[in-house]
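> Given the coordinates of chain Z, work out where chain W should sit on it, guided by the hints.
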Amino acid sequence: DSGVTQTPKHLITATGQRVTLRCSPRSGDLSVYWYQQSLDQGLQFLIQYYNGEERAKGNILERFSAQQFPDLHSELNLSSLELGDSALYFCASSEGMGDTEAFFGQGTRLTVV
Amino acid sequence: GQSLEQPSEVTAVEGAIVQINCTYQTSGFYGLSWYQQHDGGAPTFLSYNALDGLEETGRFSSFLSRSDSYGYLLLQELQMKDSASYFCAVSSNRDDKIIFGKGTRLHILP
Chain Z
1 DSGVTQTPKH LITATGQRVT LRCSPRSGDL SVYWYQQSLD QGLQFLIQYY
51 NGEERAKGNI LERFSAQQFP DLHSELNLSS LELGDSALYF CASSEGMGDT
101 EAFFGQGTRL TVV
Chain W
114 GQSLEQPSEV TAVEGAIVQI NCTYQTSGFY GLSWYQQHDG GAPTFLSYNA
164 LDGLEETGRF SSFLSRSDSY GYLLLQELQM KDSASYFCAV SSNRDDKIIF
214 GKGTRLHILP
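Chains as they are written, first to last, in the working numbering: chain Z, 1 to 113; chain W, 114 to 223.
It is possible that part of the hints are untrue.
Here are some chain W residues pointing at chain Z (derived, C-beta under 8 Å) [to be verified]:
1) Leu187
2) Lys194
3) Phe200
4) Phe213
Here are the computed lysine-lysine pairs in the DSSO-like style, where the Cα-Cα straight-line distance is at most 27 Å [stated by the list, open to error]:
5) Lys194(W) x Lys57(Z)
6) Lys9(Z) x Lys194(W)
7) Lys215(W) x Lys9(Z)
No wet-lab data here; the hints were simulated from the structure.
Built from N, CA and C at the ideal position, the CB exists for glycine as well.
Isolated chain Z, as found in the complex (with noise of 0.2 Å):
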């Protein structure tokens, strides 16, 4: 258990909708990332915030969102979701900035039928 919650595990929506994914990180950890899975894909960055303010952003889309809220759990909002927005999605924590170990949720997988 790498201490990373993220919920919920499957989710199964229309095209068009609306949807977010939630992450709480480990104990203490202030950085959170967000990372895309597609089949067989490397994992895409989407976007990291740290201690509540936006730290990078990556390929992440326009109808995508995000945000990390005063008690550190993060946000990402997926909206307008085509077929091609079904992936696993990952959400990472680490310590600090520049961290190069983080430690992975178990993902949510989001279907778009």
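Structure of chain W alone, referenced to chain Z:
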């Protein structure tokens, strides 16, 4: 920006040794990490190199050459449970991202 290259697949025999290479391009390099991911599971951290040389952790070792922007993961005494995908990752002190390679799927034959 950052980019990493690693082979997409490697096959080895149980009990043997296998090396998975990774070359990277990044600005403001912090270090190179390796992660293991079993099918359907989450990536788990294996090792980290910030300085040149070899780091050994049990059956796994990781090497880094900063001047060559190159590293590798060495797995010894392969076991069937080592069948997984292995990702190299770099972090930059310019923008704090952790960027992953596309992963190397390791197949182990009995």
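> If a hint holds in the structure, say so; if it does not, say that too.
So, going through the hints one by one against the coordinates:
1. For Leu187(W), the interface hint is violated, since its Cβ never comes within 8 Å of a Cβ in chain Z; the closest pair sits about 18 Å apart.
2. Restraint check, Lys194(W) versus chain Z: the minimum CB separation of about 18 Å is more than 8 Å; hint violated.
3. At about 7 Å, the closest approach between the beta carbon of Phe200(W) and any beta carbon in chain Z falls short of 8 Å, and the interface hint on this residue holds.
4. This hint holds: Phe213(W) has a C-beta 4 Å from the nearest C-beta of chain Z, less than the 8 Å allowed.
5. For the hint linking Lys194(W) to Lys57(Z), the alpha-carbon distance of about 35 Å lies beyond 27 Å, and the restraint is violated.
6. Our distance criterion of 27 Å between C-alpha atoms is met by Lys9(Z) and Lys194(W), whose separation comes to about 24 Å.
7. Distance check on the hinted pair: Lys215(W) and Lys9(Z) sit about 23 Å apart at the alpha-carbon level, within 27 Å; holds.
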